[in-house]
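Chemist: Residue-level listing of the chains:
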Amino acid sequence: MDDELNQRLEDVLRIHLPAIEPDQEVPGEVPLVKLGLDSLRAVNLVLDLEDTFGVEFPDAMLSESTFSTRRSLLENLHVLLSGEGAQAA
Amino acid sequence: MTPPTTPGPEWELLEMLCRETDPGVRTAEVGRLIGGGLRWGEVFDHALRHKMLPMLAHEIAESGITQGVPIRVLEHLHSVLAVNRYRRRVWYAELGRVAEAFASRGLPTVARKGAAYESTVYHGNGSRWIGDLDLLVRQSDGPAVTQVLEELGYQCGLFDFRREVVVPFDRAELIKYRLNPDHLPQYTFVTGDPLVPIIEVDCATSLTWARSPYQVDVDEVLAARTEVTVDVPPQLRVPCAQPVHQFLDTVLHLFREAWFDWWLEKEQDVDLMKFGDVIRLSRRYADDLDGGRFVEVVERYDVVQPVCWVFEHLDRTFGTGLIDRFGLAGRVSDTFLASAAATGAEVAVWGADMRTRLFARDRRPLMART
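Respectively, the protein sequence lines represent chains A and B. Per our numbering: the first sequence = residues 252 to 340. Per our numbering: the second sequence = residues 10 to 379.
No wet-lab data here; the hints were simulated from the structure. Cβ atoms here follow ideal geometry from the backbone N, Cα and C, with glycine treated the same way. Hints may be right or wrong, so weigh each one.
Stated by the list, open to error - Here are the simulated lysine to aspartate or glutamate pairs, EDC-like style, with alpha carbons at most 20 Å apart:
id : chain 1 : residue 1 : chain 2 : residue 2
1  : B       : 185       : B       : 274
2  : A       : 285       : A       : 272
3  : B       : 275       : B       : 333
4  : B       : 60        : B       : 191
5  : B       : 185       : A       : 272
6  : B       : 275       : B       : 179
7  : B       : 275       : B       : 160
8  : B       : 275       : A       : 289
9  : B       : 185       : A       : 302
10 : B       : 185       : A       : 315
11 : B       : 185       : A       : 307
12 : B       : 60        : B       : 280
13 : B       : 60        : B       : 24
14 : B       : 185       : B       : 211
15 : B       : 60        : B       : 29
16 : B       : 185       : A       : 301
17 : B       : 60        : B       : 21
18 : B       : 185       : A       : 289
19 : A       : 285       : A       : 315
20 : B       : 60        : B       : 371
21 : B       : 60        : B       : 84
22 : B       : 185       : A       : 310
23 : B       : 275       : B       : 191
24 : B       : 60        : B       : 276
Unchecked claim - Residues from chain A shown here face chain B by an in silico Cβ test under 7 Å; the list is partial:
id : residue
25 : 286
26 : 311
27 : 313
28 : 317
Working from the sequences, and respecting the hints, build out all of it.
Modeler: Dropping the structure here:
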């Protein structure tokens, strides 16, 4: 499950990070902003993630910290998919 | 007829109104320019784009000049002024209602932009364009602020004039607001007044923007707030920032709207009225700003760069002398003055001076992207 989630996240992220080369993996700890995620791309990333994973990010999760790195995003997706995200709303 | 490609007397008229010269000199200059013959379609086009139609209407009405002004133009200007004077009364009454509701819940706020200085700097004479109600609130108060607005009958979204309903923001728009929490989503109140059918409230939580390297402590601005009395009537008291904060807010707001390229696509790139606001505030609040008082705040918040960006462009375009007045010479490079913040990884540079940019109907060709 973790591997599959991670791969699907990777696939979505690649679409929105222009600084990532085709043969390069999205690193876990590098700020996504440094990989080309600007404010417009961030909105589209959220919409794509919500479509892909069938979730809706609650307001409390729509923050800079959630989208700071691939790792932070993965952690928040875990929370959302496990149903704990409802408590963050 | 093809519109002129370089500024002519029509543009000169608007720049002069923006400068706020001595009333006697201004009247003589207005008379000279009108006497020389103006293309009124060109005047209206620029005045609309720069939100200066009420100011032009006020100037023509006050000067008493009718010679050289076509009767239909004169009638329309009188109507514009009358409507704007009516709008300000409705607008202030609503501002009073919102400010009182916030105060009763212990939510500190100050009016920004026109709401803060229409009645003082512009003398409440209807010459200042009336747009949204602009307020500053604490980011942490966002949920409480929106709750109060909803209790007052406001709806989150924008008004559809054809269907006469407030259309809620879509998911993408709401996500954008959440990820960029320098403003709350816009709230709209349907008044039922045929002349002022809606009032939009725009609550900022920052004097700049989310993740900006230039930040001013909003708590400090709100804690030091004062009030201004407005005779609408009835008389009401509007919470507003201290002059030094109000001036800084106005300067940084101009910078934000002039520096980011996304305003170009929204046709909201910087306009003459905003430069006029800074010019008027710099004169009106001279006692509060001079003697190092303004510069101390600018240095403390490390916002020298954006402030100098605005002052340099003002000085070069309008001859205001603000850089020397505040002792800020040599603090900003020409490279920074020509720069713009572009969306994405592009680097954007303006290839024209500020007058050329302001005058241009389509400014996009003036910006080079690499």
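Chemist: Determine for every hint whether it applies to the structure shown.
Modeler: Here's how the hints hold up against the structure:
Restraint check: the Cα-Cα separation between residue 185 of chain B and residue 274 of chain B comes to about 17 Å, which is no more than 20 Å; the hinted pair holds. In summary, the hint linking residue 285 of chain A to residue 272 of chain A is supported, as the alpha carbons are separated by about 13 Å, within the 20 Å threshold. With a C-alpha separation of about 34 Å, the suggested pair residue 275 of chain B and residue 333 of chain B falls outside the 20 Å cut-off, and the hint is violated. For the given pair, residue 60 of chain B sits about 24 Å from residue 191 of chain B by alpha-carbon distance, which is inconsistent with the 20 Å threshold.
Restraint check: the Cα-Cα separation between residue 185 of chain B and residue 272 of chain A comes to about 27 Å, which exceeds 20 Å; the hinted pair is violated. About 18 Å separates the Cα atoms of residue 275 of chain B and residue 179 of chain B, which keeps this hinted pair within 20 Å; it holds. Annotation: proposed proximity of residue 275 of chain B to residue 160 of chain B is violated, straight-line Cα distance about 31 Å (limit 20 Å). Under the criterion of a C-alpha separation no larger than 20 Å, the hint pairing residue 275 of chain B with residue 289 of chain A is consistent with the structure, at around 18 Å.
About 17 Å separates the Cα atoms of residue 185 of chain B and residue 302 of chain A, which keeps this hinted pair within 20 Å; it holds. This hinted pair checks out: residue 185 of chain B and residue 315 of chain A have alpha carbons roughly 12 Å apart, not beyond 20 Å. Between the alpha carbons of residue 185 of chain B and residue 307 of chain A the distance comes to roughly 14 Å, so the proposed pair stays at or under 20 Å and holds. For the suggested pair residue 60 of chain B and residue 280 of chain B, the alpha carbons sit about 8 Å apart, so the restraint of at most 20 Å is met.
Annotation: proposed proximity of residue 60 of chain B to residue 24 of chain B holds, straight-line Cα distance about 12 Å (limit 20 Å). A C-alpha spacing of about 15 Å is found between residue 185 of chain B and residue 211 of chain B, which places the hinted pair at or below 20 Å, so the restraint holds. For a cut-off of 20 Å, the pair hint linking residue 60 of chain B to residue 29 of chain B stands: about 16 Å separates their Cα positions. For the suggested pair residue 185 of chain B and residue 301 of chain A, the alpha carbons sit about 14 Å apart, so the restraint of at most 20 Å is met.
For a cut-off of 20 Å, the pair hint linking residue 60 of chain B to residue 21 of chain B stands: about 16 Å separates their Cα positions. Using a Cα cut-off of 20 Å, the hinted pair residue 185 of chain B and residue 289 of chain A holds, with the two alpha carbons roughly 11 Å apart. Taken as a hint, the residue 285 of chain A and residue 315 of chain A pair is honoured in the structure, with Cα atoms around 13 Å apart against an allowance of 20 Å. Taken as a hint, the residue 60 of chain B and residue 371 of chain B pair is honoured in the structure, with Cα atoms around 16 Å apart against an allowance of 20 Å.
Distance check on the hinted pair: residue 60 of chain B and residue 84 of chain B sit about 19 Å apart at the alpha-carbon level, within 20 Å; holds. Of the pairs offered as hints, the one joining residue 185 of chain B and residue 310 of chain A holds, with about 11 Å between alpha carbons and a cut-off of 20 Å not exceeded. Distance restraint check for residue 275 of chain B and residue 191 of chain B: the Cα-Cα separation of roughly 18 Å lies within the 20 Å cut-off, and the hinted pair is therefore satisfied. Between residue 60 of chain B and residue 276 of chain B the alpha-carbon distance is near 12 Å, which keeps this suggested pair within the 20 Å criterion.
For residue 286 of chain A, the shortest C-beta to C-beta distance to chain B is roughly 10 Å, which exceeds 7 Å, and the interface hint is violated. Residue-level restraint check for residue 311 of chain A is violated (minimum Cβ-Cβ distance to chain B is 9 Å; threshold 7 Å). Interface hint status for residue 313 of chain A: upheld, as the beta-carbon distance to the closest one in chain B is roughly 4 Å, under 7 Å. Given hint, residue 317 of chain A at the interface with chain B, is violated; its Cβ is 9 Å from that chain's nearest Cβ, farther than 7 Å.
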